[in-house]
Amino acid sequence: MRRWFASVALQLAVSSTAVALALAAGAVFIVAMGKDPIEVYTKLIEGSVGQGYGLGQVLYKATSLVFVGVAVALSFRAGLFNIGAEGQIYLGGFAGALAGLYIYPSPWVCAAAAALGGALAAVVPALLKALRGTHEVIVTIMMNFIVIYGVNYFTGRIQEPETVHTRGLADSARLATYKETFEGSALNSSLWVALAMAAFATYLLWRTRTGYEMRAAGLARGAAEAGGVRMRWTIAWTLLLSGAIAGLGSINFVLGNKGYFEKEFSAGVGFMGIAVALLGRNHPIAVIPAALLFAILSEGAVAIGRIVPGEIVDILQAITILFLLVGTVLLDRAIAAWQKRRQQEASRV
Amino acid sequence: MFDAVFSFGMLSATILLSIPYVLAALGGTTSERSGVVNIALEGMIVVGAFTAAAVTWWTKNPWVGLAAAVPAGMLAALLHAIATVTFRTDQIISGLALNLLALGATKFGAKVLWGKPHSENIAKLPTLWALAPDAQGVATFFHTLLAQPMVILTVTLAVIVWLLHSRTRLGMRIRAVGENPAACDTLGISVPRLRYIGVVLSGAFASLGGAWLAFEVSQFSDRMSAGKGYIAMAAVVFGKWRSWGAVTACLLFGASEALQQRLQVAGTRIPSEFTGMLPYVLTIIAVAGLVGRARPPAGLGIPYEK
Chain A
1 MRRWFASVAL
11 QLAVSSTAVA
21 LALAAGAVFI
31 VAMGKDPIEV
41 YTKLIEGSVG
51 QGYGLGQVLY
61 KATSLVFVGV
71 AVALSFRAGL
81 FNIGAEGQIY
91 LGGFAGALAG
101 LYIYPSPWVC
111 AAAAALGGAL
121 AAVVPALLKA
131 LRGTHEVIVT
141 IMMNFIVIYG
151 VNYFTGRIQE
161 PETVHTRGLA
171 DSARLATYKE
181 TFEGSALNSS
191 LWVALAMAAF
201 ATYLLWRTRT
211 GYEMRAAGLA
221 RGAAEAGGVR
231 MRWTIAWTLL
241 LSGAIAGLGS
251 INFVLGNKGY
261 FEKEFSAGVG
271 FMGIAVALLG
281 RNHPIAVIPA
291 ALLFAILSEG
301 AVAIGRIVPG
311 EIVDILQAIT
321 ILFLLVGTVL
331 LDRAIAAWQK
341 RRQQEASRV
Chain B
350 MFDAVFSFGM
360 LSATILLSIP
370 YVLAALGGTT
380 SERSGVVNIA
390 LEGMIVVGAF
400 TAAAVTWWTK
410 NPWVGLAAAV
420 PAGMLAALLH
430 AIATVTFRTD
440 QIISGLALNL
450 LALGATKFGA
460 KVLWGKPHSE
470 NIAKLPTLWA
480 LAPDAQGVAT
490 FFHTLLAQPM
500 VILTVTLAVI
510 VWLLHSRTRL
520 GMRIRAVGEN
530 PAACDTLGIS
540 VPRLRYIGVV
550 LSGAFASLGG
560 AWLAFEVSQF
570 SDRMSAGKGY
580 IAMAAVVFGK
590 WRSWGAVTAC
600 LLFGASEALQ
610 QRLQVAGTRI
620 PSEFTGMLPY
630 VLTIIAVAGL
640 VGRARPPAGL
650 GIPYEK
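So the protein lines, in turn, are chains A and B.
The working numbering numbers the first residue of the first sequence as 1 and each following residue consecutively.
The working numbering numbers the first residue of the second sequence as 350 and each following residue consecutively.
Hints may be right or wrong, so weigh each one.
[To be verified] Between beta-carbon pairs, the in silico distance windows are:
{"hint": "1", "chain 1": "B", "residue 1": "S567", "chain 2": "A", "residue 2": "E183", "range": "41 to 47 Å"}
{"hint": "2", "chain 1": "B", "residue 1": "L519", "chain 2": "A", "residue 2": "G34", "range": "41 to 47 Å"}
{"hint": "3", "chain 1": "A", "residue 1": "D332", "chain 2": "B", "residue 2": "T535", "range": "38 to 44 Å"}
{"hint": "4", "chain 1": "A", "residue 1": "I38", "chain 2": "B", "residue 2": "W463", "range": "25 to 31 Å"}
{"hint": "5", "chain 1": "B", "residue 1": "T408", "chain 2": "A", "residue 2": "D332", "range": "42 to 48 Å"}
{"hint": "6", "chain 1": "A", "residue 1": "A223", "chain 2": "B", "residue 2": "R518", "range": "20 to 26 Å"}
{"hint": "7", "chain 1": "B", "residue 1": "K655", "chain 2": "A", "residue 2": "L12", "range": "28 to 34 Å"}
{"hint": "8", "chain 1": "B", "residue 1": "W463", "chain 2": "A", "residue 2": "L12", "range": "39 to 45 Å"}
{"hint": "9", "chain 1": "B", "residue 1": "W407", "chain 2": "A", "residue 2": "G34", "range": "15 to 21 Å"}
{"hint": "10", "chain 1": "A", "residue 1": "R341", "chain 2": "B", "residue 2": "R518", "range": "39 to 45 Å"}
{"hint": "11", "chain 1": "B", "residue 1": "W412", "chain 2": "A", "residue 2": "E183", "range": "50 to 56 Å"}
[As the list claims (entries may be wrong)] With the Cβ distance kept under 7 Å, some of the chain A side facing chain B (calculated, not the full set):
{"hint": "12", "residue": "L101"}
{"hint": "13", "residue": "R132"}
{"hint": "14", "residue": "E262"}
{"hint": "15", "residue": "I321"}
Rather than coming from a laboratory, the hints here were simulated on the basis of the structure.
Glycine is no exception: its CB is placed at the ideal position from the N, C-alpha and C atoms.
So here's chain A without its partners, still in its complex pose:
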């Protein structure tokens, strides 16, 4: 238990240091522009979590990021890098809307279709990786573009005239919103689904045989295979599940917010999800605070826009990831050096 606490504390320290350093680097930027960084950062907080609407928007944006972050973290744990979340959430949203429009307008049906759509976008990389060992990174990147082009084509055939979105879903398919509490923000009940997914992924990874096999595959593929892990099955299942969770994330927009599928509704979320998974050190629960942080930054960007261009937030997010990457490597090296020293001391005695 002490070791567990130590490891959590260390990882938390690395993540917070990376965020702090990124904010400091951002402050240098802001000073260089002749503006006051304290004022900018205060505005950023006030404009996001400082009022009901902003807080609702932060939670709304974090919901999507939790879905995608959990999806990416899950695949990372199995040593697989799912860059395809961008396409998976897109196809998921389209499938969910189609199900609501043409099959049955129920959130259950739509959500199931969204998950299936997400998994469908992951079928090609999953099969190629499992059967032929094709590197999933290249295939998932390519699938993003293929899926986006494909979905755009079919959306073009059914979209409402003069718009880039489908017909609205019946009210029976929509999710509960909290517009009174959060002053009309887009927050909706898919937040709970996102949290449930984080809990489900945690349970799956650390409490089931499947999760054990996934983690074993991620830590040492050869040893896992020799130990009887069903490698092909694990690879395929992990990527499909990751795709399904990412696809399910689309309900936040389609069922919770707008009530229709819209072209490019998820632009960039897939990549943000990777950043969030990384910041959460690939732990589904730790993904939640990471998603909140990124949501605060992106919602706060609107508020600071009058002082400095809001894009400073994109820079902050990118620098956070870079610092985090370097920090993680340095931490791992320090731990390795420390363990080596301990071993040497132990052998001397």
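Keeping the supplied structure of chain A fixed, place chain B upon it in accordance with the hints.
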């Protein structure tokens, strides 16, 4: 329709549309051959486009803008090299972060300089001689293409990169470092140094591709790379990590884009979404080994540790 597709116009459109892909893919090949995955081509393209536009706008001289794009791209690439070679971070995540940084920073820069997410109009690169307005046939085809300084530059660079990889000591060492870094290290070849060279060169090439994009439309606009870096990365894979293979792949992708434009003008039924998908589908087929086997450099993506 037939005449529109099989024509010199189609051929010259193919070549012009391929330029940014070819330049970025030459860079991608160089970087990946040295063992460093370069997803950051996208970001380097947009940095090149921004710098070329900003400097041209400032100095009123497109040549200075073009020249300035190169060190800017190299600087972006240097970040990727520091993260991946010195700190041995995950090359894919570092690349994604760099793309995010480049897209954000250039849009930020545009808002600071011009107060909007795109630039003022900038001067185009001058053609080497005045173009005939309605160019037709084989003579004018060469007349039109060879007047574009970037066409000449791109072809020259393609030959140089090919010679670099196949004929020079530096190029062979770059390749060796990507295949078997441990062996190179044993022979006293510095793995980090060569990987730095490979990555930084890729930034120079990709940013030239970005500069071409900016000059083509006489301005920088936010996200104008529009996935071209990923197509270039696909071309590297599709070209089996060889420079001439990557160039061929880029020409193929450029041709599919030219075809798409022509089909649209001709009003055919083939939706542009399907022609747009083509490069990505082909790349999956190539990388899956369904047609021949694309073998990446053995040390690709693996940080080297002494």
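Query raised in the report: Okay, W463/B versus L12/A on CB: inside 39 to 45 Å?
Result: For W463/B and L12/A the Cβ distance comes to about 41 Å; the hint holds.
Query raised in the report: Regarding L519/B and G34/A, is the given constraint of 41 to 47 Å on their beta-carbon distance met?
Result: Holds - the Cβ-Cβ distance for L519/B and G34/A, about 45 Å, lies within 41 to 47 Å.
Requested in this report: Starting from the hint 38 to 44 Å, judge whether the C-beta atoms of D332/A and T535/B obey it.
Outcome: The hinted range 38 to 44 Å is violated for D332/A and T535/B, with Cβ atoms some 25 Å apart.
**Report entry** Given hint L101/A near chain B, where the shortest CB pair must fall under 7 Å
**Finding:** This interface hint is violated because 21 Å lies over the 7 Å limit.
Query raised in the report: Does the Cβ pair W412/B, E183/A satisfy 50 to 56 Å?
Result: holds (54 Å)
**Report entry** C-beta pair K655/B, L12/A: status relative to the range 28 to 34 Å that was hinted
**Finding:** Given a distance of about 31 Å, which is inside 28 to 34 Å, the answer is holds.
**Report entry** Verdict for A223/A, R518/B (Cβ pair) under range 20 to 26 Å
**Finding:** Between A223/A and R518/B, where Cβ atoms are some 41 Å apart, the hint is violated.
Report task. Indicate whether the distance between the beta carbons of R341/A and R518/B respects the range 39 to 45 Å. Result -> holds (42 Å)
Report task. Could you tell me whether the CB distance from S567/B to E183/A stays inside 41 to 47 Å? Result -> holds (44 Å)
Query raised in the report: Measuring from the C-beta of I321/A to each C-beta in chain B, is the shortest one below 7 Å?
Result: With a closest approach of 4 Å, the I321/A hint holds.
Query - T408/B versus D332/A beta-carbon gap, inside 42 to 48 Å or not - result: Roughly 46 Å apart at Cβ, these two residues keep to the hinted range, so it holds.
**Report entry** Restraint satisfaction for R132/A [CB to CB of chain B, less than 7 Å]
**Finding:** With a minimum Cβ separation of about 6 Å from chain B (threshold 7 Å), the hint on R132/A holds.
Checked against the numbered hints above, the structure violates hints 3, 6, 12, 14; every other hint is satisfied.
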